[in-house]
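From first to last, the protein sequence lines are chains A and B.
Residues 1 to 373 (this note's numbering) are what the first sequence spells out, left to right.
Residues 1 to 373 (this note's numbering) are what the second sequence spells out, left to right.
Hints listed in this document are in silico derivations from the structure and should not be mistaken for laboratory results.
Only a predicted model underlies this, so the values are computations on that prediction, with no experimental measurement involved.
Among these hints, one or two may not hold up.
Partial chain B-side listing against chain A, Cβ under 8 angstroms, derived [what the hints assert, rightly or not]: (1) 42; (2) 187; (3) 282.
Computed cross-link-like contacts, SDA-like style, restricted to lysine to any residue with a CA-CA straight-line distance of at most 20 angstroms [claimed, not checked]: (4) B/26 - A/145; (5) B/45 - A/145; (6) B/296 - B/364; (7) B/44 - A/147; (8) B/44 - A/255; (9) A/45 - B/28; (10) A/45 - B/123; (11) A/13 - B/364; (12) B/44 - A/232; (13) A/26 - B/147; (14) A/44 - B/250; (15) A/45 - B/216.
Covered by chain B, according to a simulated footprint, are these stretches of chain A (three or more residues, beta-carbon under 8 angstroms) [what the hints assert, rightly or not]: (16) 34-42; (17) 64-73; (18) 82-91; (19) 331-339; (20) 346-353.
Beta carbons: idealized from backbone N, C-alpha and C, even for Gly.
Number of protein chains: 2
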Amino acid sequence: MRLFQTGELRLLKEVRERFRLSPDEKGVVVGIGDDAAVIAPHHKKIIVTTDMMNEGVHFDLGYTSPFHLGFKIVSVNVSDIMAMGGVPKYLFIDLAFTCAADDEFFRGIYDGVEQAMDLYGVQLLGGDLCSASNDIILSATVIGEGERVVTRAGATPGDRIYLTASTGDSACGLEILRRLNNEGKQRIKNFRYWRGNAEARECHDAPLQKTEGDAEELALEKDNGTITIKWEIARPLLLRHLMPMARDSRYMAPYASAMLDVSDGLFIDLCRICDESGTGAILYSEKIPLSEGLKKVSGSLDRDPLDFAASGGEDYEILFTAADFPMESYNQAHDIKVSCIGEITRQERVVINKEGRKSALKAEGYQHFGPPR
Amino acid sequence: MRLFQTGELRLLKEVRERFRLSPDEKGVVVGIGDDAAVIAPHHKKIIVTTDMMNEGVHFDLGYTSPFHLGFKIVSVNVSDIMAMGGVPKYLFIDLAFTCAADDEFFRGIYDGVEQAMDLYGVQLLGGDLCSASNDIILSATVIGEGERVVTRAGATPGDRIYLTASTGDSACGLEILRRLNNEGKQRIKNFRYWRGNAEARECHDAPLQKTEGDAEELALEKDNGTITIKWEIARPLLLRHLMPMARDSRYMAPYASAMLDVSDGLFIDLCRICDESGTGAILYSEKIPLSEGLKKVSGSLDRDPLDFAASGGEDYEILFTAADFPMESYNQAHDIKVSCIGEITRQERVVINKEGRKSALKAEGYQHFGPPR
């Protein structure tokens, strides 16, 4: 049924009943359904972020399902809270639907939202539900708590620069999506991926192992022809783009002097730390971690994987600086590895490649209202 | 200059510099410019609300200036905080611009935002700035503080029902805007109305007095012909729609058993109080306050002013219930008057007109995804 036949009041009621507070939710005084929500935080500081996703700019409904959208709008906001060293707690979502949207689409978004809520332990407390003329819009606010917060401004010359997992996968996943034929796009769109918390983490961060249905290949357009890549190679890259995971920062935060999540690109976001901290940075390009999938697909597309890793956006990895982060013991205990990729300098901003050649570290990455890339 | 020539980074820098925190802003630990803002609230409870405004649904750029938009997105969110009995403190704004937007439009929005910030005493702490495919989108989150909050759920049979100022003006203002010719629309759009806090309050709530330039008439389309209404009559109605003011609830809140702001319409919002409180209500239609402007313009348009007052949206007046609100002494001391319009009953929901005839009180008002009105 189209939403225009359903009506806002019934939709609001559905959301309210679905996300009713459990009686043991002690920090919430007033939940969904009033003019505003009321929270009694446990900590003295609250951390607040908000981010928007717009059809045609941030996502293409040709290959993105409502489930992906719901999951992603929560993830990208939770990621900002974690990048401050906070614990995400409360979620508010504004949704604007076009007249093309139906009940299934509406519920699909909230299925994705709920999945992400379970994964990150956040509670939906409110939002706005309205109509849109042309494009579907999602906007979320996440409120977190924390004692010590880590800004972008604390890096000191001599600090090392660390990165979780690897960057570039999301941009490469987007490149795959753009080159799919319609059958491939539809297939991606129909795939909901997971249910359940443990499975979510496992599935998302699993190595490139073959699972049922993974034998098939995806056909990609390239130079007026077609190439194929294995589904098992494409899958994690697609996941990284369609349903990014916010990285848990609680082990890094106590050591970090500066920290952010890589949303616009590794280089541009490292420059942000330098700008805020009043420092420079040396980055060793051969130390920038590249996933196996990224290397393989970049090869098939005749692209340098470092381009994706340096300036591709939406990876939501944690980039942080620290004087003494115990990386080795951390990596022995955790699946998501941390790499040291450079160090903070007084002023100089350079990338050094494996032959030792220097080039300028420039703020390259995604910019809204910037020149087309 | 078009925003696409300006680039996101320069725009973000401009916003950040413009809304830099003053050093005496003690409650804010981290302001604009990091992954998230960090707040150390003075009170144990925080109140959070979020609301969205979409081009083509909530506003028409044919007669709405960017200044109006910036002012209104703050007002409608502040109103929700005040309707809980809270004090608004912090503001977050997500803005999505189309490629048609230029620097002037961009700054116009922030001019309106700043005006509203001054008026309500809120501080901008963050947000998101991005591009949109077809429509301009504004979404804001406002965080307030308060000790005692007033929900919609506390009304008790025997409580009286109170309303600030009057409803219907905003819907009537919208009706005027829709009937303007292009010259009239352009004139409204170019009018920025006010600068400065004291002037804002005075101008907004002033009676229908003639001010410079008010002698002219506005031409409205009606029944394939044209009628004219005086600018001094139209002005307050237009203001109520384009730049609504959130009502200060601090004097009502200590007495109120239930409270909300009338955003979708008086009847639908009173029904919300009844639904949440598990009560009914009697409304005396002749006690529903009607502004002089509403009565005059409704007359000219052959419409019943009570229709606007009962089911017109976006007035943002405070509707509250109380057992013993000292209305007379309140009204002697304040410019924005409060009227008693009915009482809470156990179950029955009726409207009684001046002849004593009863009709059912129905949830009539604006519904997104509802049938066209």
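Hint check:
Using the Cβ-Cβ criterion of 8 angstroms, the hint placing residue 42 of chain B at the interface with chain A is not satisfied: the shortest such distance is roughly 10 angstroms. Evaluation of the residue 187 of chain B hint against chain A yields a violated restraint, the C-beta minimum of about 25 angstroms exceeding 8 angstroms. Checking residue 282 of chain B against chain A by beta carbon gives a least distance of about 23 angstroms; that is not within 8 angstroms, so the hint is violated. A hinted pair counts as satisfied when its Cα atoms are at most 20 angstroms apart, and residue 26 of chain B with residue 145 of chain A qualifies at roughly 18 angstroms.
Taken as a hint, the residue 45 of chain B and residue 145 of chain A pair is honoured in the structure, with Cα atoms around 13 angstroms apart against an allowance of 20 angstroms. Distance check on the hinted pair: residue 296 of chain B and residue 364 of chain B sit about 23 angstroms apart at the alpha-carbon level, beyond 20 angstroms; violated. For the hint pairing residue 44 of chain B with residue 147 of chain A, the CA-to-CA distance comes to about 16 angstroms; that is within 20 angstroms, so the pair holds. For the hint pairing residue 44 of chain B with residue 255 of chain A, the CA-to-CA distance comes to about 29 angstroms; that exceeds 20 angstroms, so the pair is violated.
Between residue 45 of chain A and residue 28 of chain B the alpha-carbon distance is near 9 angstroms, which keeps this suggested pair within the 20 angstroms criterion. Simply put, residue 45 of chain A and residue 123 of chain B have alpha-carbon atoms about 17 angstroms apart, close enough for the 20 angstroms limit, and the pair holds. With a C-alpha separation of about 17 angstroms, the suggested pair residue 13 of chain A and residue 364 of chain B falls inside the 20 angstroms cut-off, and the hint holds. This hinted pair does not check out: residue 44 of chain B and residue 232 of chain A have alpha carbons roughly 50 angstroms apart, beyond 20 angstroms.
Our distance criterion of 20 angstroms between C-alpha atoms is met by residue 26 of chain A and residue 147 of chain B, whose separation comes to about 17 angstroms. Distance hint between residue 44 of chain A and residue 250 of chain B is unfulfilled; the C-alpha atoms sit about 25 angstroms from each other, more than 20 angstroms. A C-alpha spacing of about 54 angstroms is found between residue 45 of chain A and residue 216 of chain B, which places the hinted pair above 20 angstroms, so the restraint is violated. Check on the stretch 34-42 of chain A: 8 of its residues sit with their Cβ under 8 angstroms from a Cβ of chain B, so the three-residue criterion for coverage holds.
Proximity of the stretch 64-73 of chain A to chain B, defined as three or more residues with a beta carbon under 8 angstroms from a beta carbon of that chain, is not established by the 0 residues found. Restraint check on the stretch 82-91 of chain A versus chain B: 4 residues with Cβ-Cβ distances below 8 angstroms, three needed, restraint holds. Counting residues of the stretch 331-339 of chain A whose beta-carbon sits less than 8 angstroms from any beta-carbon of chain B gives 0, not enough to reach three: the coverage restraint is violated. For a cut-off of 8 angstroms, the count of residues in the stretch 346-353 of chain A with a CB near a CB of chain B stands at 0, and the three-residue condition is violated.
Of the numbered hints listed earlier, those contradicted by the structure are 1, 2, 3, 6, 8, 12, 14, 15, 17, 19 and 20.
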